[in-house]
Every structure is written in C-alpha cells, then in structure tokens.
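Undergrad: Here's the letter readout for the chains.
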Amino acid sequence: MHTVEVSHIAKAFGRTQAVADVSFTVDGGEIFGLLGPNGAGKTTTIRIMLDIFKADGGTVSVLDGAMTEEKKNRIGYMPEERGLYQDISLERCLVYLGTLKGLSDADARRRLGAWLERFDLAAHRNKKVKELSKGMQQKAQIIAAVMHQPEVLIVDEPFASLDPVNTQMVKDLMRELRDAGTAIIMSTHQMHQVEELCDRILLINEGRDVLYGGLNDIRKQYSGHAVVVRAVGEIPKLPGVESISRHNSETKLNLADGVTPQDTLKGLLAQGAVLEKFEIAVPSLDEIFIRVVGKGGE
Amino acid sequence: MSKLWLVAEYEYKRQVLRKRFIWALLSVPLMVALLIGIIYLAMSLENDYTPIGYVDHSGMLADPIPAPDRSKPVEIRAYPGESEARKALDAGEIQGYYVLPADYVETNHVELVYLKRPKSNATGQFYDFMQVNWLATQPPEVAHRIAAMSDDDIIVRTPDGKREFKSEPTLGQLLPLLTGMAFLMLLGFSGGYLVQAVVEEKENRTMEIMATSASPGQLIGGKVIGLIGVTLTQVVVWSLFIAAAAFVGGRFFEVPFLQDARVDVQSFLILLAAFLPGYIMYAAFMTALGATFAEAQEAQQVSGLFILPNVVPMWLTGMIIENPNNPIAVAMTLFPLTAPTTLSLRVTFEQVPLWQAAVSVALLALSAWGAVWLAGRAFRLGMLRYGKRVDLRELFGRPKRAAGGSHV
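Sequence order for the protein chains is A and B.
Residue numbering for the first sequence is 11 to 308, as defined by my numbering.
Residue numbering for the second sequence is 19 to 426, as defined by my numbering.
Where hints are given, some of them may not hold.
[What the hints assert, rightly or not] Once the Cα atoms are required to be at most 25 Å apart in a straight line, the calculated SDA-like pairs of lysine to any residue come out as: (1) A:81 <-> B:394; (2) B:31 <-> A:177; (3) A:81 <-> B:236; (4) A:138 <-> A:81; (5) B:137 <-> B:42; (6) A:64 <-> B:236; (7) B:31 <-> B:42; (8) B:31 <-> A:64; (9) B:137 <-> B:100; (10) A:144 <-> B:218; (11) A:137 <-> B:40; (12) A:137 <-> B:239; (13) A:144 <-> A:114; (14) B:31 <-> A:134; (15) B:37 <-> A:90; (16) A:81 <-> B:239; (17) A:138 <-> B:24; (18) A:137 <-> B:218; (19) B:31 <-> A:120; (20) A:138 <-> B:394; (21) A:81 <-> B:228.
[To be verified] Taking beta-carbon pairs under 8 Å as the criterion, some of the chain B residues facing chain A (in silico): (22) 28; (23) 222; (24) 223; (25) 224; (26) 231; (27) 233; (28) 340; (29) 342.
[As the list claims (entries may be wrong)] Pairwise CB distance ranges, derived in the manner of DEER restraints: (30) B:234 <-> A:67: 18 to 28 Å; (31) B:35 <-> A:68: 25 to 35 Å; (32) A:68 <-> B:20: 58 to 68 Å.
Derived by calculation from the structure, the hints in this document are not laboratory data.
All C-beta atoms in this analysis are idealised placements derived from N, C-alpha and C, irrespective of residue type, glycine included.
Just chain B, with the same shape it has in the complex (with noise of 0.2 Å):
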C-alpha cells in the first residue's frame, strides 16, 4: 500500500474508532428518531378513533352521503333519537353526538354532545361529511367551486412548470435546503478533525519522524483523504438513517411530509457540484490552519470564522425566499466562501439560472485549487515549528528561508 494511503488509513480509522466520532454519527439519527417519535406520540394524542355519532332532527342526511375517504377513518354513526345516541355515548361506543335541530338548514346550528371532548380528527370528519351533504343540493358549477375554495392546497409553480410548491412542502421539495444544512454541519465536525490532525504531529512532535518516512504531498494528501473518508462515512450513514425515517415515517405512519421525497435532479446536480469544490476548499484551509499555528486548540478557535462566510446565507433566508434574484443572494451565489448554502437556499425556491450556478462553481473550483495550494506552503512552512506560528507575511510573500527552520 502506498503511503498516500497508509496515513488516509491511519487517519480514518484513528478518527472511527474514536468514541466521541461514534457519538456525532449516531446523533443525528438518534435526534431523528426521537422528532419522529414526539411526532408521532403527538399525532396519538391528537387523535381519537372512536366513532362520532348524530341525531338528525332536519331530515337533511335522510340520505347521506358518505363522508370523502381519509387513510384513517372515524366511523359516523346515525341514531335516530337523541336517547339512543346518549346511551352510546354513555357506553362509550361514541366520542359524542352532534344534534341537527328541525330548522337546521334555516340557522346552520347544531349541538354538539359529548363527556371528553371530541379530538379534531373526528369532528373534522364530519365537518367533511357535512359539507359534502351540503354540497350535494347545490347546482354542480356551485358546488364545485365551493369545494376548491375550501381546499387550501394552493400549488405554486415555476414559469416552466418544473418546480412546484404545495402549502404544505415535502421532503423532496426541500432536501436541497436540508442538505445545505447538512453541510454545514459536516464542516462544523470535520473542520475539528482536519485541525486536529494536522496540528497533532507538531504537538507530540512526531512531525520530523513522519517528514523522514513519507514526502509532504503523501502526509497532507493522505490526511485530507482520510478524512473526506470520515465525512464521507457521516454523510452516508446519515443519509441511509434519513432515507429509512423518510420510508418508516411515509409509508407506516403516514406523515404527509415523508410521502414525497422526490428531488430535482437538475438542483441535486448543482449542489453537488458545489459542496465537492467547496468542501474540498474548506478542508484545504483547515489544513493550513493546523499547519500555520502551533496549538490545535487556537487553530480550531479561528477555523469557526471559515464556517460563519457558509452561515451567513442562512440568517438572509427569509430575505431568499422573498426574492431568490435580488442581487444580495446573487453575490452570495457567486463569492465562493458563501455560494454553496446560498445555493442549497436558492435551488430549494427557484431555478437559479444556469450562468450563476456555472461562474459559482467555476469559481468554487478556483478557490479549491488556490486553497490547496495555501495548505501545501503552510504545511511545509510550519512543519517543524514547534510551539511558533507561521506570520501570514510569510505564508504569502515570495518563498524564502524562514528563520526557525523551513524550505520551501
């Protein structure tokens, strides 16, 4: 094996196997878990179903029609007097009862019976049942529309007609925002791994034993890898915890945000274009910080200001869904430190025109390429600069022989 990928290996395993990485990878999925649980013990409580019953004094649901198909029904029983609804009741084969006086069509008043009130699933099925008895004895021009007025589903659609927003969004309509979110947080986690790593062999001073056994492009090239490969680890496993929650949730208890988890594959590709040149650019300056300082404590204080540019765009989200165009967000877009959450941000809401999404990842690109090449002067730089910084003078002036003791 090379030793490119003896230190990847090393670095990998070092950071795997360590308890508190174990922890941040089961947090996510534990803290998923735990929001589809509350959710779900929220919906039990919520619900209640027991059937609902009714006394009909108008002569209205003579006839009725049966109430719309829900996925989980509260069965609507009809007693022809209000005694025999209460001995239900009493029994407690009901929830309770509603009253349809005589003049009901004429005042629109009904009574509602009950011992505990009745939850919100049952009374908004017969609410539905209502209406659609309601409906029935209007003409069906009218009845239609009154019908559409009352169902609040208002779809909102690109002019091209391939992005469209529901009242309520599904998971697939905002993955791409919870995937910037994502990555923000795998810069959060990695940026400490990246630091440590590099600031580690100066700090035990194992630095001058590992320049004599492998060259400075295999240390800092096989430390990056390894550690790509622990994000790497995060973002799958995540992913797949995400993915069964998104089926349990969907298919088993029925959320309706869970149901649809289809993406943009046009807005998936942008995204990923960008996290790869900005990730790799981020854990490049990681690299040169561990390199530049002499403690992995004060570098990890200063790599929080290289994750607060990719912050920022979240604290203008409302500014964003407002106006995804204005040219705040477009500068965003196109300044590297801030594009890619700007973008995750942008993609979730509109179709960011194609120019923005090239010249930003063209330029996050650039800045990764720059970023490596900084990480590569630093290291060698501070390499054996033990307890010293590397002055920011010297990482970008012109090469020369650092007192204390490096070459370029």
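With the rest of the complex left out, here is chain A (with noise of 0.2 Å):
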C-alpha cells in the first residue's frame, strides 16, 4: 500500500477542466515532484489530495484510505498562498497551529523552542509576525508544516524567498525528514531544486500526466544522440559528427545514426585530444520540461 496513491482523479470548475486525469503514487521515505507549468493543475491536485476540493471524479488514498479529520493532524501543508496571523506572535501564532494539528499546548511550545533555534528565529519568537521580514515568515511556514512530525509532507514553491544559507537549511531538513520515513510531494518550478532533491517526478499539463517516473529514468529517457566534451585546446574534428555546440568551456557533439560514444571517445584519444570531460549528454530537467510542455504533452 502506498502512502499516497491518486488514481485518475478529474475536477472542473464550471466550463475550466483544471484537472482531467491525473494519477501517481508516493510512498514514505521520498521526495517526489509534482511538476507543471502555470495553470496546469497541481494547486487543484494537491487541494482535491488534501480534501478541500472534491473530486469529480477517480480516487484518492493517503494514509491507508479516504482522507478524515484524524488524518489531517498526520499531515503537513505548506501552500502556495503563504499566510501567518499578522498581529499576534510568532510563538503563539505557531503554537496555535501545532495545537490545531493535534499537539498539547505544552509539547506544541517545547517542539517549537527547537524549531525556532534551528531557524535562527527563537530571538524573534516574541514579535509580531507582521514585523519579521518575508524570509523569516517563509521559515515559520515551514515550522508550522513540519512541528508536528507529519507522515506526509506537502510543500509548495519551499525555497521562495529564502537565500542561500536557509535554502540549504531547508533542503538539508527535507532530505533528514525523507530518511525518517516522511512522505514528502514537491511542487516547485525551480527544477535545480528537483534534480537535486526528488528521486521521481510527475509532469502535469492541462490536467493530464505527461512525464511520470523516477528522475534518472526519465532523464535517460529524454537523452539524445550525443556526448559532451571538455578538452585542453581545440577538440578535434571526427566522422560521424554531425553538428557542434558550444556552452561555456563545455562543447556537445551531436553523433550521426550508427556512431556510438565509444566510436567517439576512441577517435578523440586517437587524434590526441586531451579530455577533461567526456559524458554522454543528458537533458536537463529544465530542457525536458520545456520540451514536454512546450509540445503540449507527449
């Protein structure tokens, strides 16, 4: 039994098919991206999950069944619209929210104290949440996702607004929460962020699944015919090349039918290139994803 299993799941709003046919699983101990252009579902999908919306049609499972209220204290949500009480505390805001996810007051103010020192917040736990700056309200955000040591972890666009040194905090807290078994869905449009973080992803365009598997596979899938050099002086000129280009230091030869990267690298060394790299070239996620949606779906 997956931790999250959405089988073909539809929703419309009124003539708009926001969703039309969307299914995936995810399952404790991952990260999994849920990706798509502006508009292509994934707000409606992850709602339709939590049981705001309800769906038009398929199923949705998470936790061994239909979503319940008991289920809701066993789930954390970072959405997209970001939003803390304004004129209270940051403590009492937070520890609002944990008592409302199931904790005691008592152990929803002692999680909490470890929480804020380790986002560097526990000197401003006192202030109005309107007086900490967009980052440190981003960080709470996530405090509130997490303090109640979710099953199932559900962030969207979790590096927005944070720089460099909180970024890494929080991909570093991701990835300690995906070793304790945490169930974690992604949706983010920084595809760096995928590449580094999930090991699969679902795609989504206009409602539907496009791209669903794990992340290597699906590079792999989307790899074309060619390799990528980097080589002290020119990189000498070879049959079965059919077409050279160029990013930075980097040069990528896109092979002829019937050559192989072995025929290559043999014909590099065999003119006396001096290689620094030779890879075969796979797609970024980024070029997949403009391929993909670009297409419309494949």
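Two chains, two frames, some hints: make the complex.
TA: Structural data, given as structure tokens:
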C-alpha cells in the first residue's frame, strides 16, 4: 500500500477542466516532485488530495484510505498562498497552528523552541508576525508544516524568498525528513532543486500526466544521441559528428546514426585530444520540461 | 481539547486581549459612573440642607404640625420676631426666612427674606410644611382629597394588574427597553468582530492551512462560539457594573429611579427567548458576510445594513408607546429582523399577547437556523476565494462547481 495513491482524478470548475486525469503514488521515505507549468492543475490536485476540494472523478487514498479529520493531524502542508496570523506573536501563532494539528499546548511550545533555534528565529519569538521579514515568515511557515512530525508533507515552492543559507537549511531538513520515513510531495518551478532532491517526479500539463517516473529514468529517456566534451585546446574534427554546439567551456557533439559514444571517444583519443570531461549528454530537467510542455504533452 | 474549542479559545482570547476591546468594555461602566457623578453633582448643587426659618405674625403656626418626613430634611426654625430671624440669616445659620403677616390667612401673602436665593429642597419643604398646617384646618375628607390631588403620583395599570407605571418610572420598569438598547449595542460591537474573524483568514491567506487542520464546521463553529463568549463577557461585565451602579445610586445617593430594580419575570423571559436566536441569526449573517466578501472593510460596511432593521423600532418608539398593539408594531414583532428590539419596546409598556411572543420567537429560531445554513454555505464557497466575492446567485442557487475554486 502506498502512502499516497491518486488514481485518475478529475475536477472541473464551471467550464474549466482544472484536472482531467492525474494519477500517481508516493511512498514514505521519498521526495516526489509534482511539476507543471502555471495553471497545469498542480494546486487543484493537491487540494483534492487534502480533501479541500471534492474530485469529480477518480479516487484518492492518503495514509491507507480516504481522507479523514483525524488524518489531518498526520499531514503537513505549506501552500502556495502563504499566510500566517499577522497581529499576534510568532510563538502564539505557531503554537496555535501546532495545537490544531493535535499537539498539546505544552508539547507544541516544547517542540517550537527547538525549531525556532534551528531556524534562527528564537530571538524573534515574541515579535508580531507582521514585523518579521518575508524570509523569516517563510521559515515560520515551514515550521508550521513540520512541527507536528507529519507522515506526509506537501510543500509548494518551499524555497521561494529564501537566501542560499536558508535554502540549504530547508534542503537538509527535507532530506532528514525523507530519511526518517516521511513521504514528501514538493511542487516547484525550480528544476535544479528537483534534480537535487527528488527521487521521482510527475509532470502535469493541462490537467493530465505527461511524464511520470524515476528522475534518472526520465532523463535517460530524453537523452539525445550526443556527448558532452571538455578538452584542453581545440577539439579535433571527427567523422560521424553531425553538428557541434558550444556552451561555455563545454562542447556538445551530436552524433550521426550508427555512431556510438565509444567510437567517438576512441576517435578523440586517437587524434591526441587531451580530455577533461567526456560524458553522454543527458538533458537537464529544465530542457525536458520545455520540450514536453512546449509540445503540449506527449 | 477538541479543535472546535481550540478555535473558540483562540478567537475569544484574541478579541478579549485587544486594547480596543478593553476600551469598549470599560466604556459603558465609565459612562454610567460619569452619569451618576453628574447627577450627584447636579443634586448637590441643587440642594442646601442649611435650616430655613419663619416668623409668624398670623398665629396660624402657633402650634405647628411638623413637615412630612423626608429622607434628608431641612430643619424649619421658628423665630419670634424678624430681628432675630435677620440676625440668624446674617450669621449664616439659615438660608432665609418667611414672614407670615397678620392677615396671612386672608391674603395668602408671604414674604421670603434671603441674602442668596434658598435652594428648592428648602423652599419645597417649607411648602409641604405650610400645606400640612393648612389642611389641618379643613374637614378630614376635604384634607384627604386635596392631599391626593396635590400628589402627582398617577399610577397606570394594565387591566390584569400585573404591570403598572408611575409618573416617574423605575429602573425595573425601563429595564426591558434598556436591555433592547444594550442588545443593539452588542450587535454593533460583535458584528465587527465576527466579520473580521471570518474574513481575516482570507485576507492573510491562512485559510488553506486552517482548512487542512480543521473542518469547516469546527472553524466556523469555533469562531461563533468564541465571539459569543466575547459578547457574554461584555454583557456580564456591563450588567455587573450597572447592578453595582443601581445599588450604589439607589442605596447611598437615594436616586429614586435606581431604588426599584424589580423586573417583570414574564417580560424578561420573552426577551431572553427572542434575543438568543436573534443574536445567533445576526452572528450567522455576519459570518456569511465575512465569507462572501474578500475584504473586512467591505464586509463591515455592508454589515451595518443588518443592524438597521433593529434600529427602526427605536425610531418609532413614540408610536409604539402610544399604541403598542397597532398593526405596524405587531408586524415588526413578527418580522425576525425587527423582532428583538420591537419586543423590548412593547414589553416595557404592555403585556404582549402570548401568541405574538411565541410566533415571534419561533420565527426568529427558524431564521437563525436558515442563517446558520447560509453561513455554512457561504463559508464553503468563499473560503479559498482570495480577492474575489461569492455572488448572490451562487450563494442561493443550486450547488454547483464554482469557478475560482470551491466545492459544496
């Protein structure tokens, strides 16, 4: 049984089909990337998973069955629309949100102390939320999503407004939670973060699944017939190379049909090229995203 | 603690610990204290308990009957001659003195000698003194009738004898009316809190977190319970202050209005039965407004429209006092939006027919139920509408999938 199991869900608002057919599963101990262009249906999918919206069709199973009030305490959520109570102190706000997730007042205060220390917010605990910077509020929002130790964590653009130090802190936290067995669903447009963190992804476009699976498998699937080379000096001309493109110090050699990367490597070495890097070209997630979404799905 | 009570506790504390709430809470007692202070000051300035004298040349007061008892009497001193009286006046022993000439019984003419005009409590008491002594010369039946005529204490009773009004009503008699006015004030105060509480999560974008932490029923129920708690706090604190003021004013300052705070139990029960569903109905309307509108300010402006019907009966007070059973008053008693304040006015001045009170309360209860349903629907439709209103057609129409994101 998967921790989260979404099967062929659909949802329309009036004449707008926000989600047409989306399916995926997420297990404990993995970070799952939920990707897609703006308006693809990611937020609606998340809201259906969380039972904020009722799906018109399909089924959702979270933590072994349909969503219940009790299960809300086992889920952490940081929505795209950020918000905290502005006119109260940071501590009071987070303790309240913690108790709404099933923690006792004392437990919420105890846990919060540790989290505020970890995120360098301890000195600001008595400040009103509206007095905090955007980045601090973002960190507070992350604390609100994780302080009750959820089994499922859903984060929407978790790195927005964070500086590099805090970004690293959040990435470390997500890896830590994953290692502790939490099922994490991350929605973001920052593809390099997905490449760094996610084990598997789902790319949605126009409310439908267009790419789903392990990140490495998908990248292999989209890798072209090319190699990336960095060499000292000029790269010699080789038979079987159809075209060359340069990106900074690296050169991409697009190979003709029937020519293997091994043939190319042998050819380069035979011509005395001093190689610093030689690898089969694998597209970045950014490139795959643009190719898939640009085509309108495959 | 269940989430319903967590939300209620949060809302309660958030409002009660605000400075503006504390000011609002203290405003009524401060006003009452100020009023009592002003009344007391006015009474102090108006009264002077220095004795007043008289010189009787007519012989009418040779063997005077004392003036009727007063709670704070002014001593009336007799002087054998005007020179003695004048000496006492110059020495400040008396406020002034009356001179009854020898032909007083024929002319009814008296002279009042003073340096500074005597206060009305002294002259009033001398008037009573003279009246008693005049009536003593009359046959008893004539004296009784004249005394009754001069006493302006006219009592108006309902046919069943349960209610009566004197020319100067007491606190107890006016309490239903005052309760109605307090109800209006509470609507004004709590309406703002309710709208703010519901719309706040939309304004600060916490609604989505809240929706994944508690059910809409827990959220909306907790908010309403919390704010009813806030209102009750106001009611209890105000009632205690008013009771204390009535006690102090009646007991120590002897303000006649405050000396009788007895209320008609039936009237009070009718009001309680009407105010409870009336308040719930209003609270639900405010919740619906908060959920329907995107911004608190916008919603609060519209909330005034819901208070307005309750103010209308107050404008028509004259008409209702004159004829509490006229058709307009009866219609306003039965119409839920005007019922609470109309009832408070009518029970002050008459025994409202039981069937009217019963139908009014039943309609109020029904309306409260409908308003709660509407509030729940508005909340579900509007909770994730950031910066966008729920339109009325959608609110009252058949459940449908709404553009912009919501479900029913």
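Undergrad: Hint by hint, which ones does the structure fall short of?
TA: Going through the list in order, the structure violates hints 2, 4, 5, 8, 12, 13, 15, 20, 28, 29, 31, 32 and respects the others.
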